[in-house]
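Could you put the whole structure together from the sequences, leaning on the hints where they help?
Going by the numbering used here, the sequence shown opens with residue 1, and the numbers climb by one from there.
Quick caveat, the hints were computed from the structure, so don't treat them as lab data. Treat the hints with care, as some may be off.
[Unchecked claim] Okay, the calculated beta carbon distance ranges per label pair:
#: 1; residue 1: LEU11; residue 2: LEU76; range: 20 to 26 Å
#: 2; residue 1: PRO34; residue 2: TRP103; range: 29 to 35 Å
#: 3; residue 1: LEU82; residue 2: LEU38; range: 31 to 37 Å
#: 4; residue 1: TRP37; residue 2: TRP128; range: 20 to 26 Å
#: 5; residue 1: PRO31; residue 2: PRO75; range: 20 to 26 Å
#: 6; residue 1: GLY13; residue 2: ALA130; range: 51 to 57 Å
#: 7; residue 1: PRO124; residue 2: PHE21; range: 16 to 22 Å
#: 8; residue 1: THR39; residue 2: PRO124; range: 21 to 27 Å
#: 9; residue 1: VAL77; residue 2: ALA130; range: 29 to 35 Å
#: 10; residue 1: ARG32; residue 2: VAL77; range: 33 to 39 Å
#: 11; residue 1: LEU38; residue 2: LEU76; range: 28 to 34 Å
#: 12; residue 1: THR39; residue 2: GLY110; range: 19 to 25 Å
For each residue, glycine too, the CB sits at the ideal point set by N, CA and C.
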Amino acid sequence: MRRAAGAVVLLAGLALAALYFRLNPAHYPFPRCPVNWLTGLHCPGCGTQRALHSLLHGRLAEAVGFNLLAATLAPLVALGLLHEARLQLSGQPRRRTLLYRPWLAWGIVGLTVVFTVLRNTPGPVGAWLAP
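Here you go:
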């Protein structure tokens, strides 16, 4: 059962990556950010779809321009997903690796809060971090 779940997760991730590789979110009707639409503020995820598309095409500078946080954390997320899929497919028990450390999770939460505040502040920093 775990192997089937791991295969489904892996296939879903590959399908999503293929979708974002093929379709440019700037030109197709992907969903807009509801936070930005309702409040005009930029949430931590604003620009992530366009950043992911740029990363999949190897355009790192463009991805950073769309969402610095997503562009820098994407390799960590991809590593975590691949690690989880490997464990699920092999049937091995989950081990405590670097990806499962509480300090890493809290650090990412803190970084996300700081990033969100900075990208919504007026001035050059906010303008640089806004998508």
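Checked hints:
no.	hint	result
1	LEU11 with LEU76: 20 to 26 Å	holds, 22 Å
2	PRO34 with TRP103: 29 to 35 Å	holds, 31 Å
3	LEU82 with LEU38: 31 to 37 Å	holds, 35 Å
4	TRP37 with TRP128: 20 to 26 Å	holds, 22 Å
5	PRO31 with PRO75: 20 to 26 Å	holds, 25 Å
6	GLY13 with ALA130: 51 to 57 Å	violated, 28 Å
7	PRO124 with PHE21: 16 to 22 Å	violated, 33 Å
8	THR39 with PRO124: 21 to 27 Å	holds, 22 Å
9	VAL77 with ALA130: 29 to 35 Å	violated, 22 Å
10	ARG32 with VAL77: 33 to 39 Å	violated, 22 Å
11	LEU38 with LEU76: 28 to 34 Å	holds, 29 Å
12	THR39 with GLY110: 19 to 25 Å	holds, 22 Å
Hints 6, 7, 9, 10 from the list above are not met by this structure, while the remaining hints are.
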